[in-house]
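Protein sequences, first through last, are from chains A and B.
Just so we're aligned, residue 1 is where the first sequence starts under our numbering, counting upward by one.
Just so we're aligned, residue 306 is where the second sequence starts under our numbering, counting upward by one.
Honestly, the hints are just simulated from the structure, not real lab data.
Careful, some of the hints might be misleading.
Said to hold, decoys possible - To be clear about the criterion: a stretch of chain B counts as covered by chain A if any three or more of its residues have a C-beta under 8 angstroms from a C-beta of chain A, and this derived list gives those stretches: (1) 337-348; (2) 368-380; (3) 660-668; (4) 733-747; (5) 771-783; (6) 801-809.
Here the structure is a predicted model, which means the values were calculated and not measured.
The beta-carbon is built from N, C-alpha and C at its ideal position, and this holds for glycine as well.
The residues making up each chain are set out below.
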Amino acid sequence: MVGSALLRDRARIRAGLPAAVFALVAVAALGFQLHLPRTLPSDADYRAAAALLTAQQAPGDVVLLHPWWTERARLFLPASIPVVGYLGDTGDDLIAHPRIWVLANERLPFVPGADFRARFLPDRTPLGGSQELGPLTLTPYRNGRARTVRFSAVEALGQAEVSIEQAGSAAVPCPRAGDGFACRAGRAEPAWHEVLYQPVRCLFLLPPGGPARIAVRFPEVPAGTLLLEAGITWEHAWKRERSDVQLTVAGPAGNLHLRIPQGHEGFVSGDAPQPAPGPVTLTVQADDPHEREVCVRLRVLGDPP
Amino acid sequence: MSRAPDRTDRRIALGLGLVTFVVLWATEKPVGFVRDESVYFAAAEQFARWWALLFHQPSVALSDRVITQAFDFNHEHPMLMKSAFGLSNALFAQTLHWVRPATGFRLPAFAVAASIPAILHLWGSTLWGRRAGLFAALSFFVVPRHFFHAHLACFDMPVAAMWFLVVYLFWRAEEDLRLAPWTGVAFGLALATKHNAFFLPVVLAPFGVIAAWRAAGPEARKLLLRMGQVALATGVYAALLLAVLGREGVVRSWALLSPQTFGVVALVTALSAIAWQIARTDRAAFLPLAPLVGMGLLGPTIFYVHWPWLWYHPVDRLAWYFDFHATHVHYAWTYFAQVLRAPPFPLAYVFVITALTLPVSLLVPMALGLARTWLRNLGDLFPALARRFGQGGSTEWLLGVNALFSILLISHPDVPHFGGVKHWLPSMPFVALLGAREVDRAMAALPRTLGIAERRVNALAVGLGALLLLPGLTATAHVHPYGTSAYGELAGGIPGAASLGLQRQYWSNNVTGVLPWINANAHPGERVWLHEVNGLSFRDYQRNGMLRADVVPAGGPEDADLAAVQYHQEFREQEVLVWQAFGTAVPLTGLYLDETPQVIVYRRPSRR
């Protein structure tokens with residue numbers, strides 16, 4: 001009797017299970033929808049964050065958004081502080097910035113916390129506690145990866161000379177055009193571009209094609225560590241069957257070579273010592289210049305600030 | 306069981322269709338013009354002018370030169386829906402002035418989309434009862450992306466509706482010979498809607514042939530075998546042509562009098578002749594074949610007749626049409642933080658995106674329904690499964706195959722994967738139907754589970770049904786009119802999808818979110834760059850009063866004073882170029898859905 005009653009109960013429960021599961025899923029879905037608005041910051045939350053940043057900002061500060069896509073913050077944050085938010089930004093060394101303000105909203109669904117811990121946190125030390133502003137938190141970090149930037153090619157382009165060089169021929173100087181230089185074939189200018197989703201203000205170079213190279217000569221570059229980073233801009237990068245790009249930095253201590261292989265997305269980078277101040281020449285060459293639009297960051301780094 | 310619905314269900318279906326039509330119309334105004342839609346608007350207007358010319362000067366209108374002039378624009382797609390859009394606009398917007406131009410174009414799309422809930426109810430109520438039919442009908446359009454696509458004067462929802470109609474009529478015609486020609490007509494209309502429909506014979510032919518084989522006597526079976534031999538011979542002939550000429554050669558050398566045309570004509574003639582013999586010798590075997598015969602004869606005829614562009618150059622233009630779709634370009638698409646640009650695409654993509662965009666309270670019954678159907682279908686082949694889950698039978702096979710066909714077709718790693726869910730929409734009415742069966746089963750078990758009387762179960766069933774539909778309804782209302790950005794609870798909604806690195810939006814219509822700001826803040830005659838919005842859409846926003854008439858379209862940030870950039874992972878450079886051109890990275894406003902940037906507006910500082 002008891003056994004058959006149990007069996008009956010089990011059968012009843014089993015028969016009712018789909019309805020119960022469906023109902024639970026629906027309730028959970030409604031719960032999610034009710035909860036989601038509470039994870040979203042208000043305009044006032046952002047304004048409070050902006051006020052804090054305005055009051056406490058120092059030269060070299062930067063704001064990093066977490067998760068990276070929460071760029072509504074740009075509407076509110078002071079224009080005097082750069083705001084970094086792009087897919088992959090947790091791996092950005094932010095070399096020029098000794099202090100990083102992380103504006104985070106960890107209440108949002110699927111915030112990539114593990115990625116943040118693994119790629120951002122190493123070498124970064126919190127400077128005091130977090131300020132809570134609604135669902136937002138604002139936390140300053142000392143950037144252990146920061147270095148003094150003694151020279152930046154994009155800032156120093158005004159003092160540079162640009163020419164087209166080819167073995168066996170005299171260099172052909174390129175005339176100035178606006179902030180940059182326009183060559184008969186090729187171009188050099190400071191510009192904002194994207195390299196693998198990262199917005200970068202860089203030295204934008206169009207190589208002339210064939211064996212000829214575009215050469216940018218900086219007359220006086222301080223001593224330190226030369227850091228060369230170069231990438232193909234935007235969607236041109238992923239395409240195969242395009243030419244490799246060869247980059248060379250010739251300085252007092254010798255040459256630094258880099259190659260951007262076809263199909264490579266993102267920056268390639270290399271460094272070399274620059275033991276003494278002196279002239280440095282950057283050259284860029286691609287056999288076929290089609291879609292070889294190169295974004296170059298050439299910097300000389302000193303000690304940590 | 307008769308496959309014909311009763312009168313009450315026919316009335317309910319009609320009511321569902323009417324309500325759907327009215328709701329779509331009532332919610333249409335804020336829906337932006339997707340990139341393709343304005344092209345179809347322009348094409349539709351052009352075709353409507355040709356129809357007017359046909360009425361006034363038929364001999365001129367019917368000349369090869371005029372037809373080519375009128376129909377060359379946007380000949381990537383056939384004419385049925387575009388003609389309907391154009392005639393509707395000409396009547397309701399241009400002549401009667403009852404509606405704005407965009408609504409005039411879109412009304413036929415609402416009507417066709419409205420047929421989906423109606424057919425869902427007809428089919429569901431016949432198979433599993435009124436409760437299942439109603440739930441299936443109501444569940445289809447509380448999916449935000451379905452609701453969005455139903456508003457557009459495009460072809461994705463119409464072809465889903467046509468596909469569903471053809472399969473429904475095919476199923477009915479297997480019982481009722483009178484519906485066989487109507488299946489053929491519906492197939493012709495489906496072909497005239499979008500190229501997906503060319504796969505329908507592939508899906509339906511095995512059902513007709515197998516059913517005919519089962520019903521056939523010895524003589525008819527011989528004829529059926531002969532049909533198979535003809536099909537096989539045609540396959541070998543086609544393979545030979547491909548081997549000798551190559552794919553491009555086959556397309557290039559296809560003329561009216563060519564081996565290719567001979568192959569097609571021989572196939573159709575031979576199959577028709579054999580089908581005629583079967584009809585004369587074995588009526589029972591012919592009945593399930595009849596809808597296929599209707600499709601084979603009426604489908605291509607309607608397709609050809611409806612499209613004047615084919616009239617004078619049927620072979621080469623048709624060859625171009627097939628070639629265009631067989632070699633369609635791949636647009637970039639973001640999937641788990643990877644920008645997919647070229648094949649091979651991830652095999653699981655379609656399943657994953659379907660799961661992440663459906664409201665989870667509908668996804669669960671739909672997934673269960675699909676699983677149950679396939680377990681039962683496999684039960685026809687494996688007795689162990691049959692003992693546990695039962696057997697499928699021809700109807701369940703038909704539903705199961707159609708529920709998966711478009712999904713699997715787009716899952717092929719070489720098939721273009723852009724366009725959100727729109728390319729596998731023809732699967733979704735079938736998935737909704739199977740989901741409704743699961744919900745109905747759950748409802749049917751309630752009296753036994755709760756120990757209540759059968760008569761009280763209706764109230765509970767309504768409660769459970771409403772509970773399951775509510776998350777989809779609220780999500781649809783919340784995201785409307787930005788349906789291409791919608792994600793379900795499994796993805797964590799729109800912000801969860803952004804963190805997962807999924808495609809933020811597509812097709813440019815979300816720009817409507819910032820048009821009111823531009824209208825209020827643009828200087829007179831200001832140059833405005835609406836990123837991703839093509840020139841025709843810009844014109845349509847102005848023509849429909851959604852964008853001030855005095856602002857001027859700019860070709861890019863360099864010649865613009867205002868820029869509205871659409872967030873696409875693959876277009877990040879475009880936003881950065883605005884920073885470069887305007888000298889600022891600080892936006893003025895934007896469309897942010899649940900915090901996610903969709904459209905970001907910048908202004909050149911000198912004009913502030």
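Cross-check of the supplied hints:
no., hint, verdict
1, 337-348, "violated (count 0)"
2, 368-380, "violated (count 0)"
3, 660-668, "holds (count 3)"
4, 733-747, "holds (count 4)"
5, 771-783, "holds (count 7)"
6, 801-809, "holds (count 5)"
In the structure shown, a violation is registered for the earlier hints numbered 1 and 2, in ascending order.
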